[in-house]
Amino acid sequence: MRLSREKTVRLSHQITDTLVSSDDVEFIEDRDTIRQQIVQILQVCLREEEKVDAGVRQKISSQKREILEGTEEWDVLYRKYYGEELRRMGVPHQAPLSEERRG
Amino acid sequence: MLLEVVTRVNAGAFRPPALALRFPRPAVFGFHAPAQMGRGTVQAGACGFGNNSSFLALSHRGQYTLHRSASEETRSMLLSRDFVAYMAAEVVKRLCASEMIEAKAPGALVQRIRQKMAEELSIEDRLNDEVREILNQHADEMRRTGASYQEMYKKVKAQLARERKLILR
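So the sequence lines, in the order shown, correspond to chains A and B.
Here the working numbering is used: the first residue of the first sequence is 1483, the next is one more, and so on.
Here the working numbering is used: the first residue of the second sequence is 6, the next is one more, and so on.
Incorrect hints may appear among the rest.
Said to hold, decoys possible - Simulated DEER-style distance windows between Cβ atoms: (1) B:Lys170 x A:Val1502: 18 to 26 Å; (2) A:Gln1522 x B:Arg148: 47 to 55 Å; (3) B:Asp130 x A:Glu1551: 13 to 21 Å; (4) B:Asp130 x A:Gly1572: 22 to 30 Å; (5) B:Arg148 x A:Gly1552: 21 to 29 Å; (6) B:Arg99 x A:Arg1484: 17 to 25 Å; (7) B:Ala144 x A:Pro1574: 37 to 45 Å; (8) A:Gly1537 x B:Ile172: 37 to 45 Å; (9) A:Lys1546 x B:Cys101: 20 to 28 Å; (10) A:Lys1546 x B:Glu168: 25 to 33 Å; (11) B:Gln155 x A:Leu1559: 55 to 63 Å.
No wet-lab data here; the hints were simulated from the structure.
For glycine and all other residues, C-beta sits at the position ideal for the given N, C-alpha and C.
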């Protein structure tokens, strides 16, 4: 997975802190139970992403012409196929946060 | 060999202790002409040098280049922006569906979580920019001493990450 367990746990703490600091969020379960659930949710998402990544790499490597990883051509193809897979998963394209703030 | 990495940085996101880079005596190494300067987007403050001659570990090759691959330049964040947004939405959706929380404004909550996640996931990119800026400021000294850019990069980055207790990935 792209993120270590440590990083996932760090994220879960930060997300929990965000929930705690949100006035419009009501906690039904206790904080730590929620945090552990967040870890589970993140790990499920990361496993999905891992499959997407593996699929995209397989697609590139099955091209007729060999395209070496680390080249610009590889990066361009990766981004293209990755985007297609995310759209297939139902992940919408997001504007950068900075653009949203300006908008 | 002993590494002392001390630098003073005015980075906003991080609050590092005062550091100063100390370089070894000039070594009889050749160096490769720098290919391309790294892209530094962080405003780093002045770095000072100690008066005594503490030494940094040197690369045995004594190479010094500032080349970065195209894929390094374009890659940012550990996960794509779209996927981070998806993860944030999934967290809120599943927590609400399992009745662990109630969110009166889930859309706004997703955006806040997304922003928080993006900040945490881009820590390594910001650190990379800061390290590049620090090393660029000492480019002449590094050339003079034959210090290896790659080795210095790794050590400075590791030192800063350790001091700030950062989890990079």
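### Task
May I ask which of the numbered hints given earlier this structure violates, with the numbers listed in increasing order?
The structure conflicts with hints 8, 9, 10 and 11, although it agrees with all the remaining ones.
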